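We have chain A; now place chain B onto it with these hints.
Read top to bottom, the protein sequences are chains A and B. Residues are numbered in our numbering as their position in the first sequence, beginning at 1, plus a constant of 3. Residues are numbered in our numbering as their position in the second sequence, beginning at 1, plus a constant of 3.
Just so you know, these hints were derived from the structure itself, not from any lab. There may be inaccurate statements among the hints.
Quick list of in silico lysine-lysine cross-link-like pairs, DSS-like style, CA-CA up to 27 Å [as the list claims (entries may be wrong)]:
#	chain 1	residue 1	chain 2	residue 2
1	B	LYS602	A	LYS471
2	B	LYS602	A	LYS283
3	B	LYS76	B	LYS52
4	B	LYS284	A	LYS606
5	B	LYS279	B	LYS100
6	B	LYS279	B	LYS371
7	B	LYS606	A	LYS379
8	B	LYS602	A	LYS98
9	A	LYS379	B	LYS602
10	B	LYS439	B	LYS314
11	A	LYS487	A	LYS241
12	A	LYS284	B	LYS325
13	B	LYS325	B	LYS175
14	B	LYS321	B	LYS471
15	B	LYS606	A	LYS283
16	A	LYS340	A	LYS371
17	B	LYS471	A	LYS632
18	A	LYS606	B	LYS242
19	B	LYS606	A	LYS287
20	A	LYS371	B	LYS175
21	B	LYS287	A	LYS606
22	A	LYS606	B	LYS286
23	A	LYS371	B	LYS606
24	A	LYS98	B	LYS321
25	A	LYS56	B	LYS279
26	A	LYS602	B	LYS471
27	B	LYS241	B	LYS340
28	A	LYS287	B	LYS632
29	B	LYS606	A	LYS286
30	B	LYS439	B	LYS322
31	B	LYS602	A	LYS286
32	B	LYS371	B	LYS100
33	A	LYS52	B	LYS468
34	B	LYS286	A	LYS632
35	A	LYS632	B	LYS283
36	B	LYS283	A	LYS284
37	B	LYS371	A	LYS573
38	B	LYS322	A	LYS471
39	A	LYS606	B	LYS321
Please read all numbers here as calculations on a predicted model, not as lab measurements.
Number of protein chains: 2
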Amino acid sequence: MSKRISDEAAAKAMEEIRSGPSSFHHGDSLPYIHKVGAPPKQNLLTEIKHAVKETFFPDNPFGHLKDQPGKRKLFLGLQTVFPIFDWARGYNLSKFKGDLVSGLTIASLCIPQDIAYAKLANLDPKYGLYTSFVAPLVYAFMGSSRDIAIGPVAVVSLLLGSMLTDEISNYKTHDYVRLAFTATFFAGITQMALGLLRLGFLIDFLSHAAIVGFMAGAAITIALQQLKGLLGISTFTKKTDIVSVMRSVWTNVHHGWNWETIVIGVAFLAFLLITKYLAKKNKKLFWLSAIAPLTSVILSTFFVYITRADKKGVSIVKKIDKGVNPASASEIFFSGKYLGAGVRIGVVAGMIALTEAIAIGRTFAAMKDYQLDGNKEMVAMGTMNIIGSLTSCYVATGSFSRSAVNFMAGCQTAVSNIVMSIVVLLTLLFLTPLFKYTPNAVLASIIIAAVVNLVDIDAAVLLWKVDKFDFIACMGAFFGVIFKNVEIGLLIAVAISFAKILLQVTRPRTAVLGRLPGTTVYRNIQQYPNATQVSGMLIIRVDSAIYFSNSNYIKDRILRWVTDENEQRKEGIQYLIVEMAPVTDIDTSGIHAFEYLHKSLQKREIQLVLANPGPVVMEKLHASNLANKIGEDKIFLSVADAVATFAPQAEP
Amino acid sequence: MSKRISDEAAAKAMEEIRSGPSSFHHGDSLPYIHKVGAPPKQNLLTEIKHAVKETFFPDNPFGHLKDQPGKRKLFLGLQTVFPIFDWARGYNLSKFKGDLVSGLTIASLCIPQDIAYAKLANLDPKYGLYTSFVAPLVYAFMGSSRDIAIGPVAVVSLLLGSMLTDEISNYKTHDYVRLAFTATFFAGITQMALGLLRLGFLIDFLSHAAIVGFMAGAAITIALQQLKGLLGISTFTKKTDIVSVMRSVWTNVHHGWNWETIVIGVAFLAFLLITKYLAKKNKKLFWLSAIAPLTSVILSTFFVYITRADKKGVSIVKKIDKGVNPASASEIFFSGKYLGAGVRIGVVAGMIALTEAIAIGRTFAAMKDYQLDGNKEMVAMGTMNIIGSLTSCYVATGSFSRSAVNFMAGCQTAVSNIVMSIVVLLTLLFLTPLFKYTPNAVLASIIIAAVVNLVDIDAAVLLWKVDKFDFIACMGAFFGVIFKNVEIGLLIAVAISFAKILLQVTRPRTAVLGRLPGTTVYRNIQQYPNATQVSGMLIIRVDSAIYFSNSNYIKDRILRWVTDENEQRKEGIQYLIVEMAPVTDIDTSGIHAFEYLHKSLQKREIQLVLANPGPVVMEKLHASNLANKIGEDKIFLSVADAVATFAPQAEP
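With the rest of the complex left out, here is chain A:
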């Protein structure tokens, strides 16, 4: 039984452990009151070293390099930068089988998606394929996730398209493509810089809730954009908000819609959604949804070629250039009027791409239980996009849908990305002419089918159930995206996330504690209505570290509790006990707030008593001499001890 040891034994052990004024007698009913000792002072250098380490290197990235001979250190360092040297040695045929199958599967999925997503970014379809060739190769050497599938993704393509068009509205000009490469280059620089400077934690400031809302909004925006292709509308708004798009759709209803296009589009959309539904119902059928897009493309292309439906107004892809990625280093704007825009778009797109990639990486790392080094991933992503921008790629990242297929198809390592990359290369070299008659309506269907999964209603419901504030952040981002545009949605998401942090650090909780009947356990009286307050005493728990941002609030809140309770109670209050257990740290502003509190209470003839301060707080109470001002005999190991000392008559 956990509590069967005697209190005396416990007390004795505590005495041995702690320094400082130890035992203190108060009447004969109190043989032992344990004192809270201050911990030994730490060396300043150690302290700083420790703080820097925990802040920037919590994952201890070079831990395994320690105590190794020079040559081995070099090799291990190389492994740290290029994880492929680590896992390649243990690579074998059975692993390759898994990677081959999954690589081929994601390749069949990515080729039609690449063509479609490039159009979302207002780029030629070939750039989507280029991106799916170079980026996965680079990632395979540097990335530490084994399951992520790299390439262009819908949300980043949309964001890029939207931001690029804001700068250069005519996306058919060569400058538009050049700006896309410029943005990709700076997206890579941003990602790499975040990783190298160990600032990876910055992406954590975009909360999960905000991402859920942003992704759902982006998915709906993307789907709405596809109405153009799906309904065969030729004059369509350039805006992305739901009002403009729906107006565009309805004004075209009588003469702008093309029924042949609609038949093709809706038929294949139904096919794609049904295979998706089947795959969801039965996990073993996942391959069905994986090959459905390519099947749709082949069937619809063949159908259009046979019927020459393109002559009846069904718009087709027309021409995709043959051949591998041309070099594009000279295309990037390193100066001139578009440099600023390129940097800005690159930073935003790079951060969003990173957020998506890290979220995917974490999900699968947790499923297979391996560690994913966020900062290392960022460096890998950054390198990938920098090299991409020099070889005619646009921003690549991890794709939710393809990564899931990759995982389910049994991928073992990043070799599946290499397999996919080779398939894309072969496509670029030999197969692109075959896409000439592919109807755009099928590409629209493929996009819609791909993004429906981004609308995660279950996640939104969970947000509502668990945390209302998270739900507001989610809805804010969602409505921002669908009623305005992706940038505004993103801005709202970040703003709400920051507001939450501000609230967290300025308005911590405080609670009045009462004793649970017949025990010495003190709990929040609002949660436990039958907890009773001790006569003449007010016990308050502060539920946060006390810093400059909340110290005044905490002081004022405590004084208000005192005033309110003092009015309500006939006998008044003689002791204020502050339960400090959750107060993990206190800074000088916090110390000052307690000094003010102490002074105010003195005027009211109320004693300030502290219960259970942690080691850091205790150290600072001593350093600032506040412990002396309050009185060492007013600092107790627990609320129960303090009550026993000052209100022995209240003993249960």
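Same frame as chain A, now just chain B:
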């Protein structure tokens, strides 16, 4: 004795209190394991109402209006806006005696300071006097502090002068004065808006540490600026950094210094510092330091008038216009190119002025134990500066030095400000010509003597002792101000303060716990080296609420602890116990992080056990179904209970 009740009784009482799966038997050595129940669900509306109230109305400003009849409500509401209606009814002759004496004392102090500070802002001396006439009157009606002395202050004057000169470098133009009024107007608007929108907590983001550094830097900058007047240098740099100023001083050493000026300046500086020193040694002599500035002005003016030292190069004030404040509403730039600058300068100056006023107000409120409503103070300050800007005043706020004198001279209410205001009015009406021969060197001495107190070395030492990070913030602000300028210093201070908040919310502490020998108390093994770990178990305490900003860090950090300890221990780890006592809240990102943690641990065949989650956390664990995934039987009231259940052989 606090712990003498039996465990059985405690357990029984707990059973009654809690709902949920209650008792649970595990072997015969464990008759009672208390379960942590989830609290009853709160009504959503109540929850939101409560959150809004705690965030924006923690001081319950209209609490006293509740349950009052209509007419009385109106009167009480009026009292809330104009506290003078509250305290005026209890006002009596004895209080007036105190206010009269203190009002006269601060008037004698403020007149020379006003003239000197106006010059710091590059304004005509009369504007300093104007400001000391209108602002204190307005404050007396609306302010809730009884001790604060209102008027122009050194730091805000310097800041204003520096920022205004950046916009209009020739401060002799009329536009310069107009911009000063514009900035004052928007400073008032800013202050009022902060108060009305209940955003007063924003000024708490400038930490105490940053203010200490900023004030000390500003004081030294101000003192250095006075070398111009004190040494009688005619061509002086316009920059405020220490390097430029010292260069200016040394290049003028051979022909630029005026020895008559130096004699006057240094003599009176010595006089002022000595009286200050005496007053500090003996509190009863405070009046000595209070009247010393006016005495210096009178003596030096008389001396210059007699000796006509102004003809020997001693620079004098020359002329101060007679008469009360002219209206200046038409002078404010409500449009045109200076509007933007006016708003920007106003916002910065308004915030700094507010910070100073609130800090003073809080200090004296704590000394006399009355409540100071921060938001109400801001509305008062804002109104005061808006009215001021319409009546030829510049930014006014509470002065550290004069408020202290006011307090020591025995002020009772804001009437002392009214007395001071009347004296200033009389001066404006009749006495300004007398200042014609006042040497600028004496004004320089008065400023230097006034600002030396802003360099608070004791506070800096305390910062160093208590919190190294605070010390860095302090030094950053200090060096920023003296080596660059006040705006840069301010920026550094705010940036470091924010960095600290970011650190706080992204890198919370975690600790490995061990059992103190012979007890069931679990403490940090780094603080208590003889605490022992339980075989096969790792016990970790998370010292923060778990939010999106830190959830990934916490998860990764815990997994790293597990990996490290698993390698070190022969017997490995079978149970990970997470002590949740300091985790006051968790959001959806936190829930997800724990799901990942749970999955990762499952792969490693380690059981995840939670100890002592708080009510909010418990509610969210249930709402998200995570409690079920982990298993209700893995959630314990305390670490001791969890250890007793899973490692009964480890019992002490």
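Hints, one by one, checked against the model:
Simply put, LYS602/B and LYS471/A have alpha-carbon atoms about 26 Å apart, close enough for the 27 Å limit, and the pair holds. For the hint pairing LYS602/B with LYS283/A, the CA-to-CA distance comes to about 22 Å; that is within 27 Å, so the pair holds. Under the criterion of a C-alpha separation no larger than 27 Å, the hint pairing LYS76/B with LYS52/B is consistent with the structure, at around 23 Å. At roughly 26 Å between alpha-carbon atoms, LYS284/B and LYS606/A fall within 27 Å of each other, so this suggested pair holds.
Among the hinted pairs, LYS279/B with LYS100/B is consistent with the structure: their alpha-carbon atoms are about 25 Å apart, no more than 27 Å. Using a Cα cut-off of 27 Å, the hinted pair LYS279/B and LYS371/B holds, with the two alpha carbons roughly 24 Å apart. Distance check on the hinted pair: LYS606/B and LYS379/A sit about 24 Å apart at the alpha-carbon level, within 27 Å; holds. A threshold of 27 Å between alpha carbons decides the hint, and for LYS602/B with LYS98/A the separation of about 23 Å falls inside it, so the pair holds.
With a C-alpha separation of about 23 Å, the suggested pairing of LYS379/A with LYS602/B holds against the 27 Å cut-off. With a C-alpha separation of about 14 Å, the suggested pairing of LYS439/B with LYS314/B holds against the 27 Å cut-off. For the hint linking LYS487/A to LYS241/A, the alpha-carbon distance of about 12 Å falls within 27 Å, and the restraint holds. Distance check on the hinted pair: LYS284/A and LYS325/B sit about 90 Å apart at the alpha-carbon level, beyond 27 Å; violated.
The straight-line distance between the Cα atoms of LYS325/B and LYS175/B is roughly 19 Å, inside the 27 Å bound, and the hint therefore holds. A threshold of 27 Å between alpha carbons decides the hint, and for LYS321/B with LYS471/B the separation of about 49 Å lies outside it, so the pair is violated. Of the supplied pair hints, the one linking LYS606/B and LYS283/A holds, its CA atoms being roughly 24 Å apart against a limit of 27 Å. A hinted pair counts as satisfied when its Cα atoms are at most 27 Å apart, and LYS340/A with LYS371/A does not qualify at roughly 47 Å.
Distance restraint check for LYS471/B and LYS632/A: the Cα-Cα separation of roughly 22 Å lies within the 27 Å cut-off, and the hinted pair is therefore satisfied. Proposed proximity of LYS606/A and LYS242/B is contradicted: the alpha carbons are some 48 Å apart, above 27 Å. Our distance criterion of 27 Å between C-alpha atoms is met by LYS606/B and LYS287/A, whose separation comes to about 23 Å. The hinted pair formed by LYS371/A and LYS175/B fails the criterion: a straight-line CA distance of about 73 Å is larger than 27 Å.
Under the criterion of a C-alpha separation no larger than 27 Å, the hint pairing LYS287/B with LYS606/A is consistent with the structure, at around 23 Å. Restraint check for LYS606/A and LYS286/B: the C-alpha separation of about 21 Å stays at or below 27 Å, so the hint holds. Pair hint LYS371/A plus LYS606/B holds up; C-alpha atoms about 7 Å apart against a cutoff of 27 Å. For the given pair, LYS98/A sits about 93 Å from LYS321/B by alpha-carbon distance, which is inconsistent with the 27 Å threshold.
For a cut-off of 27 Å, the pair hint linking LYS56/A to LYS279/B is broken: about 47 Å separates their Cα positions. With a C-alpha separation of about 26 Å, the suggested pair LYS602/A and LYS471/B falls inside the 27 Å cut-off, and the hint holds. The suggested pairing of LYS241/B with LYS340/B holds, with an alpha-carbon distance near 23 Å, which does not exceed 27 Å. The straight-line distance between the Cα atoms of LYS287/A and LYS632/B is roughly 25 Å, inside the 27 Å bound, and the hint therefore holds.
Restraint check for LYS606/B and LYS286/A: satisfied, since their Cα atoms lie roughly 21 Å apart, inside the 27 Å limit. Under the criterion of a C-alpha separation no larger than 27 Å, the hint pairing LYS439/B with LYS322/B is consistent with the structure, at around 5 Å. A distance of roughly 20 Å separates the Cα atoms of LYS602/B and LYS286/A; the hinted pair therefore holds under the 27 Å criterion. Straight-line distance between C-alpha atoms of LYS371/B and LYS100/B comes to about 19 Å, which keeps the hinted pair within the 27 Å bound.
Taking the CA atoms of LYS52/A and LYS468/B, the gap is about 18 Å. The hint holds against a cut of 27 Å. Note on LYS286/B and LYS632/A: the hinted pairing holds, with a Cα-Cα distance of about 22 Å set against a maximum of 27 Å. A distance of roughly 22 Å separates the Cα atoms of LYS632/A and LYS283/B; the hinted pair therefore holds under the 27 Å criterion. Annotation: proposed proximity of LYS283/B to LYS284/A is violated, straight-line Cα distance about 83 Å (limit 27 Å).
Pair hint LYS371/B plus LYS573/A holds up; C-alpha atoms about 25 Å apart against a cutoff of 27 Å. Between LYS322/B and LYS471/A, the direct Cα distance comes to roughly 65 Å. Violation of the 27 Å bound is thereby established for this hinted pair. The hinted pair formed by LYS606/A and LYS321/B fails the criterion: a straight-line CA distance of about 50 Å is larger than 27 Å.
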